[in-house]
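S.K.: With the hints as constraints, model all of the structure from the sequences given.
2 protein chains.
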Amino acid sequence: MFRIIKSVPKCLFGKGSFNQLGDLLEEKRINDDSCFVFLVDDCFKNKPIEKKIPLKRADYIIWVNVDNEPKTFVVDSIRDQIKNSKEGIPAAVIGIGGGSILDYAKAVSVMLTNNGSSSLYQGLNLAKNQGVYHIGIPTLSGTGAEVSMTAVLTGPEKKLGIKGEFTPFDLIVLDPELIYDAPKNQRFYTGMDSYIHNVESLNGIYKNCISESYAIQSQALCREVFLNDNITREEADEKLMVSSYFGGLSIGHSEVGVCHALSYGLSYVLDFHHGIANCIAFNQLEDIYGPAVRDFHTMVEKHKIDIPFGISKGLTLEQFEKMAITAFGLDHMWRHAFGLDWAKHVSKEKIIDWYKRM
Amino acid sequence: MFRIIKSVPKCLFGKGSFNQLGDLLEEKRINDDSCFVFLVDDCFKNKPIEKKIPLKRADYIIWVNVDNEPKTFVVDSIRDQIKNSKEGIPAAVIGIGGGSILDYAKAVSVMLTNNGSSSLYQGLNLAKNQGVYHIGIPTLSGTGAEVSMTAVLTGPEKKLGIKGEFTPFDLIVLDPELIYDAPKNQRFYTGMDSYIHNVESLNGIYKNCISESYAIQSQALCREVFLNDNITREEADEKLMVSSYFGGLSIGHSEVGVCHALSYGLSYVLDFHHGIANCIAFNQLEDIYGPAVRDFHTMVEKHKIDIPFGISKGLTLEQFEKMAITAFGLDHMWRHAFGLDWAKHVSKEKIIDWYKRM
Numbered sequence: 009m010f011r012i013i014k015s016v017p018k019c020l021f022g023k024g025s026f027n028q029l030g031d032l033l034e035e036k037r038i039n040d041d042s043c044f045v046f047l048v049d050d051c052f053k054n055k056p057i058e059k060k061i062p063l064k065r066a067d068y069i070i071w072v073n074v075d076n077e078p079k080t081f082v083v084d085s086i087r088d089q090i091k092n093s094k095e096g097i098p099a100a101v102i103g104i105g106g107g108s109i110l111d112y113a114k115a116v117s118v119m120l121t122n123n124g125s126s127s128l129y130q131g132l133n134l135a136k137n138q139g140v141y142h143i144g145i146p147t148l149s150g151t152g153a154e155v156s157m158t159a160v161l162t163g164p165e166k167k168l169g170i171k172g173e174f175t176p177f178d179l180i181v182l183d184p185e186l187i188y189d190a191p192k193n194q195r196f197y198t199g200m201d202s203y204i205h206n207v208e209s210l211n212g213i214y215k216n217c218i219s220e221s222y223a224i225q226s227q228a229l230c231r232e233v234f235l236n237d238n239i240t241r242e243e244a245d246e247k248l249m250v251s252s253y254f255g256g257l258s259i260g261h262s263e264v265g266v267c268h269a270l271s272y273g274l275s276y277v278l279d280f281h282h283g284i285a286n287c288i289a290f291n292q293l294e295d296i297y298g299p300a301v302r303d304f305h306t307m308v309e310k311h312k313i314d315i316p317f318g319i320s321k322g323l324t325l326e327q328f329e330k331m332a333i334t335a336f337g338l339d340h341m342w343r344h345a346f347g348l349d350w351a352k353h354v355s356k357e358k359i360i361d362w363y364k365r366m
Numbered sequence: 009m010f011r012i013i014k015s016v017p018k019c020l021f022g023k024g025s026f027n028q029l030g031d032l033l034e035e036k037r038i039n040d041d042s043c044f045v046f047l048v049d050d051c052f053k054n055k056p057i058e059k060k061i062p063l064k065r066a067d068y069i070i071w072v073n074v075d076n077e078p079k080t081f082v083v084d085s086i087r088d089q090i091k092n093s094k095e096g097i098p099a100a101v102i103g104i105g106g107g108s109i110l111d112y113a114k115a116v117s118v119m120l121t122n123n124g125s126s127s128l129y130q131g132l133n134l135a136k137n138q139g140v141y142h143i144g145i146p147t148l149s150g151t152g153a154e155v156s157m158t159a160v161l162t163g164p165e166k167k168l169g170i171k172g173e174f175t176p177f178d179l180i181v182l183d184p185e186l187i188y189d190a191p192k193n194q195r196f197y198t199g200m201d202s203y204i205h206n207v208e209s210l211n212g213i214y215k216n217c218i219s220e221s222y223a224i225q226s227q228a229l230c231r232e233v234f235l236n237d238n239i240t241r242e243e244a245d246e247k248l249m250v251s252s253y254f255g256g257l258s259i260g261h262s263e264v265g266v267c268h269a270l271s272y273g274l275s276y277v278l279d280f281h282h283g284i285a286n287c288i289a290f291n292q293l294e295d296i297y298g299p300a301v302r303d304f305h306t307m308v309e310k311h312k313i314d315i316p317f318g319i320s321k322g323l324t325l326e327q328f329e330k331m332a333i334t335a336f337g338l339d340h341m342w343r344h345a346f347g348l349d350w351a352k353h354v355s356k357e358k359i360i361d362w363y364k365r366m
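In order, the protein sequence lines correspond to chains A and B.
Reading the first sequence from the start, the letters are residues 9 to 366 in our numbering.
Reading the second sequence from the start, the letters are residues 9 to 366 in our numbering.
Take these hints with a grain of salt, some might be off.
One copy or any two copies: either way a pair holds, since identical chains are not told apart in the list.
As the list claims (entries may be wrong) - With a straight-line cut-off of 27 angstroms between C-alpha atoms, the simulated BS3-like cross-links for lysine-lysine are: (1) K23 - K215; (2) K18 - K136; (3) K60 - K14; (4) K358 - K310; (5) K18 - K215; (6) K36 - K136; (7) K36 - K18; (8) K358 - K321; (9) K312 - K64; (10) K136 - K14; (11) K352 - K330; (12) K36 - K14.
The set of hints was computed from the structure by calculation and includes no laboratory data.
None of the values given here were measured: they were computed from a predicted structure.
M.R.: Take a look at the structure:
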């Protein structure tokens with residue numbers, strides 16, 4: 009049985025393409041009363057990007073704080089705020105930010121047309137109704153959230169995505185100018201998400217010619233961005249943006265692996281953001297992903313990045329146990345990495361050993 | 009101004025994936041009376057593939073002859089046949105064949121919901137109504153027709169595609185098993201369409217980081233298929249299928265160039281099929297695409313392929329003139345290849361000179 013891979017049907021790419029957003033949106037305005045809701049990372053309040061958001065008529069911005077990983081209760085609260093507004097259900101939801109904001113936008117779009125808490129929809133194809141038209145505009149590159157079928161959320165019981173054919177954006181706007189101002193460390197952590205996607209995609213049983221082709225090219229771009237001394241920042245931003253796009257498509261056609269499973273545990277229990285959690289885990293996975301981890305170390309040194317180390321010190325047994333349960337439960341990732349008999353290779357004890365290295 | 013690139017939103021890929029078509033279609037059956045129309049290359053009549061087509065209820069096959077390049081009057085006639093059938097407008101149109109069949113399926117889908125002759129819609133975004141749900145299933149790889157926004161048609165006045173956001177397939181099924189039986193020469197000519205797409209995409213002003221990334225990877229796959237001695241036929245079929253897919257996406261984000269412009273003239277006037285017309289033209293374009301043409305010559309020799317030569321002998325002045333007018337009129341291709349001031353580099357005389365080499 010092969011899976012149908014749903015990807016984003018429309019893409020606008022190019023430096024400055026964000027400036028076309030206003031015109032694009034007008035075509036989507038159903039009538040004079042219909043409005044657009046922009047979910048925007050609150051770090052952009054009073055920043056140049058705020059002024060460029062093309063608000064017209066009753067359109068409005070909801071500033072979203074993403075100091076913590078996306079949570080189901082936040083999705084529910086944004087959804088309720090929109091539904092209870094006098095404008096009602098908008099003609100489109102537009103997410104402007106990093107992976108967390110993009111995941112919020114995808115989840116809110118779906119939850120505007122599906123009843124109950126978003127925590128009920130954590131899993132595969134649980135939403136029954138098509139969401140509101142939604143547009144993704146990344147301001148950080150690497151997560152692949154702009155093309156993925158998943159809105160990753162932490163709920164009361166688990167960190168697991170709302171995944172299905174209604175989740176992907178209807179349109180993405182990839183404007184490399186928007187990632188120019190990202191802080192250095194954050195840019196690196198997020199960029200490494202793409203690097204790690206490719207390593208994991210290429211090393212597992214769900215690999216196929218399409219996922220491999222995307223991963224090879226995405227990885228080549230990522231290596232240019234982080235290992236080539238002669239690349240301009242402008243070129244690097246374009247390449248990082250496309251690396252993220254291709255890395256996300258590669259994962260869509262394949263699966264993530266050991267690093268993401270461990271990273272989910274770190275985020276769930278210690279609330280590390282996804283990018284940095286990946287880096288903390290990948291940093292210690294030379295036994296699994298050998299040369300790719302050594303190259304990662306080179307990139308870290310070259311860009312003088314701080315990867316937190318020693319985070320397991322002082323954790324309680326209960327915390328280790330909870331992280332291990334979270335990671336162990338992601339059986340699709342382990343299956344990809346170790347094969348159908350993955351349980352012979354991985355146990356909660358083994359997972360705790362990995363965490364103790366970090 | 010950047011263009012929105014519409015691509016195929018859903019893809020099913022894998023050896024044997026065609027066998028899942030029946031189940032996929034049932035989800036699309038609107039009610040007991042709704043039916044599916046399969047447009048199938050008539051070379052598959054009484055061949056194994058015919059038995060694998062999942063006909064149920066009132067579903068039926070229209071066998072389509074593609075000895076000649078797709079014509080607008082054939083599109084109109086298939087459309088009328090379907091509309092006048094007792095089943096009426098189908099729930100889906102499924103094209104099974106090479107690029108010509110895929111283009112017919114795309115065009116028929118659009119023409120079932122837009123009035124008048126398809127020749128009225130040759131151009132960009134001329135169709136106003138969304139077409140019938142349509143699925144593309146290639147049995148030859150290289151054209152990129154499975155992902156393109158264009159259904160290339162020859163009409164009474166010109167060879168030009170119906171291009172727009174309603175043209176791309178809603179779903180493609182990429183099953184490498186289906187290209188296994190393609191005749192050697194045809195497989196090569198069609199495969200070279202992808203090779204040439206990549207060369208043209210990479211050499212022109214509309215190149216960007218996405219089109220380039222697709223072209224680089226597509227080209228690497230194509231070179232493995234046609235230059236690597238140690239590849240199995242099974243691997244080669246997978247790679248050729250993905251090369252075609254990526255090559256088509258590359259062109260979608262960029263543009264074709266000199267070879268395609270000349271090739272359109274050959275097809276319009278002499279009715280050469282697109283793949284072989286490309287090969288005839290590319291064979292003589294070392295002055296434009298240097299090393300890529302020399303590698304093409306190596307592939308031709310290695311696979312002992314016949315590329316027609318001397319086709320311009322015996323042509324009338326009028327035929328040359330008509331070919332040159334067709335080619336010269338494709339200004340977007342020339343603009344891509346030579347820049348905004350392309351008309352300084354290209355004239356009808358120059359085009360006729362190229363044709364005289366062939």
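S.K.: Would you mind marking each hint as holding or not holding in the structure?
M.R.: Hint by hint, here is what the structure shows:
no. : hint        : in the structure
1   : K23 - K215  : between (32 angstroms within a copy, 13 angstroms between copies)
2   : K18 - K136  : both (23 angstroms within a copy, 18 angstroms between copies)
3   : K60 - K14   : between (30 angstroms within a copy, 25 angstroms between copies)
4   : K358 - K310 : neither (31 angstroms within a copy, 52 angstroms between copies)
5   : K18 - K215  : both (25 angstroms within a copy, 18 angstroms between copies)
6   : K36 - K136  : both (23 angstroms within a copy, 15 angstroms between copies)
7   : K36 - K18   : both (14 angstroms within a copy, 22 angstroms between copies)
8   : K358 - K321 : within (17 angstroms within a copy, 75 angstroms between copies)
9   : K312 - K64  : neither (43 angstroms within a copy, 63 angstroms between copies)
10  : K136 - K14  : both (16 angstroms within a copy, 25 angstroms between copies)
11  : K352 - K330 : within (21 angstroms within a copy, 70 angstroms between copies)
12  : K36 - K14   : both (22 angstroms within a copy, 16 angstroms between copies)
In this structure, the earlier hints numbered 4, 9 are contradicted, and the remaining ones agree with it.
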